[in-house]
Amino acid sequence: MTDNSDGAERRHGSQWYDGEAGPLVRPYAMTGGRTRPASSGVRFDLIALVSPTQGATQPGDDVALGPEHRVLLDLCRAETQSVAELAAGADLPVGVVRVLLGDLLEEGRVQVRRPVPPAQLPDETILREVIDGLRAL
Amino acid sequence: MGSERSDATSDETGDDTALALKILVAGGFGVGKTTLVGAVSEIRPLRTEELLSEVGQSVDDIEGVDRKVTTTVAMDFGRITIRSGLSLYLFGTPGQDRFWFLWDELSQGALGAVVLADTRRLEDCFPAVDYFEHRRIPFVVAVNCFADARTFGAHEVSRALDLDRGTPVVLCDARDRDSGKEVLIRLVEYAGRRHTARLLDSVG
Numbered sequence: 001m002t003d004n005s006d007g008a009e010r011r012h013g014s015q016w017y018d019g020e021a022g023p024l025v026r027p028y029a030m031t032g033g034r035t036r037p038a039s040s041g042v043r044f045d046l047i048a049l050v051s052p053t054q055g056a057t058q059p060g061d062d063v064a065l066g067p068e069h070r071v072l073l074d075l076c077r078a079e080t081q082s083v084a085e086l087a088a089g090a091d092l093p094v095g096v097v098r099v100l101l102g103d104l105l106e107e108g109r110v111q112v113r114r115p116v117p118p119a120q121l122p123d124e125t126i127l128r129e130v131i132d133g134l135r136a137l
Numbered sequence: 138m139g140s141e142r143s144d145a146t147s148d149e150t151g152d153d154t155a156l157a158l159k160i161l162v163a164g165g166f167g168v169g170k171t172t173l174v175g176a177v178s179e180i181r182p183l184r185t186e187e188l189l190s191e192v193g194q195s196v197d198d199i200e201g202v203d204r205k206v207t208t209t210v211a212m213d214f215g216r217i218t219i220r221s222g223l224s225l226y227l228f229g230t231p232g233q234d235r236f237w238f239l240w241d242e243l244s245q246g247a248l249g250a251v252v253l254a255d256t257r258r259l260e261d262c263f264p265a266v267d268y269f270e271h272r273r274i275p276f277v278v279a280v281n282c283f284a285d286a287r288t289f290g291a292h293e294v295s296r297a298l299d300l301d302r303g304t305p306v307v308l309c310d311a312r313d314r315d316s317g318k319e320v321l322i323r324l325v326e327y328a329g330r331r332h333t334a335r336l337l338d339s340v341g
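Residue numbers (the working numbering), protein chains in the order written: chain R, 1 to 137; chain D, 138 to 341.
These are computed hints drawn from the structure, not numbers from a lab. Just so it is clear, CB atoms sit at the ideal spot from N, CA and C, and this is done for glycine as well. Treat the hints with care, since some could be wrong.
[Stated by the list, open to error] Which residues of chain D face chain R? A few of them, derived with a C-beta cut under 7 Å, are: (1) Ala155; (2) Ala157; (3) Lys159; (4) Glu187; (5) Ala211; (6) Phe214; (7) Ile219; (8) Tyr226; (9) Leu248; (10) Asp255; (11) Thr256; (12) Leu337; (13) Val340.
[As the list claims (entries may be wrong)] Distance condition first, Cα-Cα at most 16 Å in a straight line; then the derived EDC-like pairs of lysine to aspartate or glutamate: (14) Lys318(D) - Glu129(R); (15) Lys318(D) - Asp132(R); (16) Lys318(D) - Glu179(D).
Assemble the whole structure, with the sequences as input and the hints as a guide.
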């Protein structure tokens with residue numbers, strides 16, 4: 001009963017992750033292995049709104065930008081998008097989108113507006129507007 | 138069918154007044170969260186993925202990419218445009234318990250939450266009720282009236298869930314757009330009342 005080889009194999013060819021683990025490493029290859037946005041620890045909220053700036057397109061973009069950067073720019077150029085929408089539209093994990101957006105923000109190509117926490121809403125006009133808007137749908 | 142007009146040029150100046158509000162849709166597995174989001178959203182429900190370890194920090198000391206290989210979590214979300222520059226985003230929270238930590242991010246800055254309940258297994262929504270009560274996030278309980286379920290009154294559900302007084306309970310059909318709209322309206326009204334109460338508290 002030489003369990004040994006069996007055990008060794010299990011250790012080395014280890015299946016410590018399974019199918020549910022999702023893609024290995026690949027998504028962060030697009031970010032050059034970075035897992036956090038470069039721009040000074042900004043963490044973009046899922047509903048932070050992203051829109052292109054006037055400097056969104058620059059000469060030499062073909063080489064300066066990765067394909068995923070360009071996809072994100074194209075998406076928000078068509079319509080201001082939330083971070084969550086960008087992730088879904090580009091079919092990328094939110095974490096990856098955050099890193100790529102950090103790049104675009106740093107280069108002045110996009111502007112990102114943080115959501116206003118409900119407690120800081122100026123008054124209730126907005127909420128009333130939301131209720132009326134929902135009724136009118 | 139409200140105002141369809143949108144300032145096509147607003148992008149140029151980057152409409153600084155644009156406002157986005159977040160509403161969570163929580164509840165047990167299979168209770169109809171995705172259905173509700175789809176029924177009221179103007180876009181087909183999009184799914185987004187979040188890498189698990191991104192928020193599960195300090196689990197161990199391995200820095201960087203190695204930690205990013207665990208799993209992905211799918212979240213449903215949808216959007217309702219109230220007018221140009223004012224949108225409501227709906228997020229269906231992941232049902233499984235092991236994704237609780239994701240809720241912390243989702244609930245940050247949320248206007249409020251809808252807890253969907255199925256009277257045949259009411260206990261499935263206990264965790265969500267607890268979560269929002271503890272964090273003082275305004276929520277309504279929406280009882281999804283499945284065809285084969287005995288109907289309970291809102292009051293019975295409220296008692297069974299031991300809800301704080303004032304927490305609205307709405308009977309709904311998650312597949313129905315108007316019904317879903319009504320749930321959201323009740324939530325925004327309630328969130329507004331809670332908000333006002335808090336303001337009054339802080340000055341008085």
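Hint check against the structure, violated hint numbers in rising order: 5, 10, 11, 12, 13
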